[in-house]
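Colleague: Sequence:
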Amino acid sequence: MIKAVSFDLWFTLIWENQEDEREYTKMRIEAIHNSLRELGFNISPDDIYSAYAETKDFRLFTKVDELMRIIILSLGLNPDEEIVRKVAEAYDTSTDSFKPRVNEEALDVIPELRKAGVKVAITTSTSFSGRAVRNLLKNAGIYDVDCVYPPQI
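For what it's worth, the working numbering labels the leading residue of the sequence shown as 1, then goes sequentially.
These are computed hints drawn from the structure, not numbers from a lab. Some clues are possibly wrong.
Calculated pairs, DSS-like style, for lysine-lysine (alpha carbon to alpha carbon, straight line, at most 25 Å) [said to hold, decoys possible]:
(1) Lys63 - Lys115
(2) Lys86 - Lys26
(3) Lys26 - Lys3
FRET-style restraints, in silico, Cβ to Cβ [said to hold, decoys possible]:
(4) Ser44 - Leu107: 38 to 44 Å
(5) Glu105 - Leu77: 42 to 48 Å
(6) Leu39 - Asn17: 30 to 36 Å
(7) Thr93 - Glu21: 45 to 51 Å
(8) Lys86 - Tyr49: 17 to 23 Å
(9) Val109 - Ser50: 36 to 42 Å
Heads up, the beta-carbon is just placed ideally off N, CA and C, and yes, glycines get one too.
Build out the structure end to end from the sequences listed, making use of the hints.
Modeller: And the structure:
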């Protein structure tokens, strides 16, 4: 008897295209920009985007607070704990309204597995935190999973 099933997030449960990536990247850049502005820093969104783009090769494997520390440093700012905490929080919640494209079959399969008593886990390599992944799933209409495991945890 099957007791548990694990699904990958991207391109199994939800889809992403370049337009989607541009949309949530814009949300992230705006959140970082607004957060830094509230802290008294005047950094252009273009400069923030450049710093963010430089993290592409390791973003998927870096905790949000460490990623923000790297971006803050690359912007020439002192990454003290208060700044990192506020910017990381803004970054992490910036995509809360992002609605990914869902694999419609997942909307049928996951509830059936749960009805059969099967545990459902989501594993993924992503730059979204576990909290943000759960939010993406909710926005996609996928509510009932037992475990979300992105690499940041």
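Colleague: Please flag the earlier hints that this structure goes against, numbers listed from lowest up.
Modeller: 1, 3, 7
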